[in-house]
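If you read the sequences in order, they're chains A and B.
Note that the working numbering numbers the first sequence so that position 111 is 111, with each residue one more than the last.
In the working numbering, each residue's number is its place in the second sequence (first place is 1) plus 137.
Wrong hints could be hidden among the right ones.
What the hints assert, rightly or not - List time: in silico DSS-like cross-link candidates among lysine-lysine, alpha-carbon distance up to 30 Å:
1. K268/B x K220/B
2. K220/B x K142/B
3. K70/A x K142/B
4. K70/A x K115/A
5. K70/A x K220/B
6. K70/A x K107/A
Honestly, the hints are just simulated from the structure, not real lab data.
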Amino acid sequence: MESEETGSPPSGSGSTEVFNSIRERTIAENSMVVLLQGLHGEVTTVDLRNESSARGRVVNVDAFMNVRLKDVAYRDRRGQVTQLQDLFVTGRNIRYVHIPDHVDIMKTIESQLAKIHRVRNFASQGGGRKEFKTKTK
Amino acid sequence: MVLLKSLNPPTEGVRHEQAETTAVMGGQRLGCGTLYVAETRLSWFDGAGLGFCLEYPTIGLHAISRDVSAYPQEHLYVMVNGKVGDENEAEMAEKAADEDEDDNSCSSSSSGGDDDEEGTITEIRFVPSDKAALEPMFSAMCECQALHPDPEDDDSDNDFEGEEYDVEEAEHGHGDIPTFYTCDEGLSSLTQEGQATLERLEGMLAQSVAQQYNMAGVRTAETNNEFEDGMEVDAAAMEAGQFEDADVEH
Numbered sequence: 001m002e003s004e005e006t007g008s009p010p011s012g013s014g015s016t017e018v019f020n021s022i023r024e025r026t027i028a029e030n031s032m033v034v035l036l037q038g039l040h041g042e043v044t045t046v047d048l049r050n051e052s053s054a055r056g057r058v059v060n061v062d063a064f065m066n067v068r069l070k071d072v073a074y075r076d077r078r079g080q081v082t083q084l085q086d087l088f089v090t091g092r093n094i095r096y097v098h099i100p101d102h103v104d105i106m107k108t109i110e111s112q113l114a115k116i117h118r119v120r121n122f123a124s125q126g127g128g129r130k131e132f133k134t135k136t137k
Numbered sequence: 138m139v140l141l142k143s144l145n146p147p148t149e150g151v152r153h154e155q156a157e158t159t160a161v162m163g164g165q166r167l168g169c170g171t172l173y174v175a176e177t178r179l180s181w182f183d184g185a186g187l188g189f190c191l192e193y194p195t196i197g198l199h200a201i202s203r204d205v206s207a208y209p210q211e212h213l214y215v216m217v218n219g220k221v222g223d224e225n226e227a228e229m230a231e232k233a234a235d236e237d238e239d240d241n242s243c244s245s246s247s248s249g250g251d252d253d254e255e256g257t258i259t260e261i262r263f264v265p266s267d268k269a270a271l272e273p274m275f276s277a278m279c280e281c282q283a284l285h286p287d288p289e290d291d292d293s294d295n296d297f298e299g300e301e302y303d304v305e306e307a308e309h310g311h312g313d314i315p316t317f318y319t320c321d322e323g324l325s326s327l328t329q330e331g332q333a334t335l336e337r338l339e340g341m342l343a344q345s346v347a348q349q350y351n352m353a354g355v356r357t358a359e360t361n362n363e364f365e366d367g368m369e370v371d372a373a374a375m376e377a378g379q380f381e382d383a384d385v386e387h
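All chains should be built: construct the whole structure from the sequences, respecting the hints.
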């Protein structure tokens, strides 16, 4: 049985991608967020809805498109740039996420979906709950 | 001028508490106090018990700033959509009408949509005296933010059509096979091997029942008759009903 928790990104400097709930996995699988989740470790620019932008290394993107970046150059609306060590921006406030040129979009999506399916299948195999053999047809 | 409300600090779900933290809102230093990163909301209170709170859906982003050329102190930067000060004034007027409010809800811009269009933001800086605390403060906020996904998000399409179904079963075509059987169903679904196993186990059970009365060389059935303590042990009934509650029936 899989236990369900409310989705929460890994704390600290964890750069591993983690689906913390069945719900998040389902949301991710059915939206383009899987592409962004494949960008972990890449340096990208995130344009915010308030005309500012943040460029840094992707630490984590969750199913709600909340993005966590590190070593960020943050440019505010006036064009002033400041350095931020860690940045968390809510999905709601994001307008665009730039995909680096060297990233193969289709491959990234496919490998992310494969990861989701591996996690799901791992949980169902070896569950050991079958008390009788299944029907052999 | 920011009006601070008289509120109670949160008692439950506090992921992080940071004392000796100065709050600066929109450039105005509010004083030194304690920051509470709780699951329900973010709040800060000065020594006199006055403070403010922020609802996570209104927080656009938060970050650790160590760039002293931009701001002289290392701090936690929080960008709030909408204006924080005005909401405090409005809510104080409302609360004057209400009697006692146990609910410490903040009014910071529940109609966040409109304010976003205007692009009004409030910048808040939390400057802890302990700079090493910035990372746990940041992480705690990340965790709490994730507990408040955007309810207005139309794109995420959380409504799925049709009935929920088990993906693995659908993919492997065994959807109609239950993963466990009741006793009656199970008996009829046994393969030959299963049937043989069942018979063997039942045989073992029957044997162990008979052996019960020969344990340690003592014939229990006879022994019981010797004890006249008023408790009648009906050996026969015991034998018959011993395994009545077992799943497998003869």
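A quick look at each hint next to the structure:
1. K268/B x K220/B: Satisfied, since the Cα-Cα distance of roughly 27 Å is no more than 30 Å.
2. K220/B x K142/B: Roughly 15 Å between the alpha carbons, so the hint for K220/B and K142/B holds.
3. K70/A x K142/B: violated (34 Å)
4. K70/A x K115/A: holds (24 Å)
5. K70/A x K220/B: holds (27 Å)
6. K70/A x K107/A: Given that 30 Å is the threshold and the Cα spacing comes to 25 Å, the pair holds.
Hint compliance for this structure: hint 3 alone is broken.
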